[in-house]
Amino acid sequence: MFTEPLLSGITLGGIYALIAMGLTLQYGVARIMNLSYGESLVAASFAALWLFTAVSVNPLVGLLIIVPLAALINWLIYQVLLTPLVRRAANRDALEVDSILATFGLLFVAQGIMLAIFGGNYFSYDFLSIPVKIFGATVSASRLLALGFAVIIGLTLYLGLTRTRAGTAIRAVAVDPVSALLVAIDVRATAAFAYALGGALVAAGGVLVSMFLTFNASLGVVFTMKALIVVIMGGVGNLLGCLIAGMILGLTETFVATYIDPGLTLAATYIIFILVLLLRPQGLFGVKRS
Amino acid sequence: MSARNLVIVLALAGLVALLALVPSVANGYQLSLAINIMNYTVLATAWTLFSGPTRYVSLATVAFFGIGAYTVAVLGEVLAWPLVLLIAFVIGFMLSLLVGLSTLRLSGVYFVIFTFGLAELVRQLVTWYEVNVTRTLGRYVFVDITTEQIYWQLLALAVAVFISGWLIQRSKLGLALRVIGDDEAVARHVGINTTMAKVVLFAFSASFMTLAGAVMAPRWTYIDPAIAFNPVVSFQVLIMALLGGVHRLYGPVFGVIPLALLFEFLLAKFPNHFSIMVGIAFLLIVYAIPRGIVGLIEGAQLSLHRLKGAKA
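Chains as they are written, first to last, in my numbering: chain L, 1 to 290; chain B, 1 to 312.
Treat the hints as calculated values from the structure; they're not laboratory data. Think of the CB as a built atom: it goes at the ideal place given N, C-alpha and C, for glycine as much as any other residue. Be careful, since some hints might not be right.
Claimed, not checked - In silico negatives: residues of chain B with every beta carbon more than 12 Å from chain L:
no.	residue
1	10
2	16
3	116
4	204
5	295
6	303
What the hints assert, rightly or not - Derived contacts from chain B toward chain L, CB cut-off under 7 Å, selection only:
no.	residue
7	113
8	121
9	167
10	168
11	193
12	196
13	279
14	298
Said to hold, decoys possible - For lysine to any residue, the following SDA-like pairs were computed, each having C-alpha atoms within a straight-line distance of at most 20 Å:
no.	chain 1	residue 1	chain 2	residue 2
15	B	269	L	113
16	B	172	B	142
17	B	269	L	115
All chains should be modelled from the sequences, with the hints used to inform the complete structure.
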């Protein structure tokens, strides 16, 4: 009885960590506070659903189509919509306010488009929902597969950021964009790349989520909220922090849903958020920003 | 009081008196439009009261508005009307204190994030409570309030928001807020308790929003959490305030009137694409007129002034 929520909590936590990694790239590197982040996730879920039901493309193959497409779209959004804001912003705070407003508008456009196409109903599809027994608990195969993919994608990202030249440039921009310019890093191109990479990660998260959760067109806000809380709890820009904070959130939610009431998961999320704000606003692994 | 100020005060009093006469000349449709405009005037001005000087973007308007509406739905038939309004006010005030105290000692982004999900949180909590405890999702609002009375109450509320905003601007609190808006670090260094100033102002602003929700509740005869906590309301308030201009307390009025009419038209013509259209309108405003209509007018006045100076 205890292992079942533990396992589904870990899968959910793994997905949350993956989603939050994308947001930490967009916010930590590109300095864009993206409130329409969850809409990208839901859009990817719908894309996976459409590919699976209309053209019967396996969601794992769907990943190969949806993720590059999402990266391209996010790169274009950064170049067309966000670059003007970056140019006119006098400082980091001004960009933060402007990007909040612009992406808040984007949220309603994206949500409106999805509502117009799919309506407000909940959707799900039947993919690999075969029961698998582990440690005496039953989990569906699609959940395990989603967790496996989340781990692979997360590890690849971690190695890419720490072991390659491009990854080092991204981390340099995250730490100090002005000094990054001095060592001949093209800060704007790197920011655009990080933004696109973040969009690709959230799209991957959306495809994986669609394999085992029901979703609807207005679910984006909740995912954005959770990703933001995980990013803050882990410390902005910290990938390991994302992993641990994502696990904490996933496990808390699953245990609250199992033992208390499924209607109170968002309340549990908020209680965690308030605790973080009161006790450790810089995050579990973050350093205080002076 | 100088002669000029006296004229302004008299003109404003006259304007309020004229607005109070609207229900006696307007037909049903016009009155409902007037109520809509008055409601958004209260909400957008209350929003600007806090977010204008501090530059902290609050996305939780509908959380407070919905709490006000729900208070009326639950208590409207049980208690006398003034008492219901008082209770709504107290609930809104307490919640805003909780939000303010947990986020406003940190940088602005935490506040934005917290308010971003707040309406959804309150909606889910109310739904959970109604389903599990009272076992009735959705309530009927039966109170003895006529449409005219709703209008007059909103007008009174709007006057109250403007007067408190004016008083705050002239007080020590107003000065402190302007310093915070310009540079928070400087504000702290000159000995301003920045957290306290922000929390007090936020609680003021949120209480007005809660009252607006309570006053508006009898407009709907049926309320459920999805209606009361509709996120589009927060979004519309934000757009109206930004279009008008948030660096002046009277700025939002210039945004409320054209946009309330535009949204009325869009909602009738494109009910299924409403939020796309509103989103696009919003993006246009953010990119094209970041300082709002009032900012445009002031900019034009300034350049006219310079032009005259250059000629002389």
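* Can you name, in rising order, the numbers of the hints this structure does not satisfy? -> Going through the list in order, the structure violates hints 3, 9, 10, 11, 12, 14 and 16 and respects the others.
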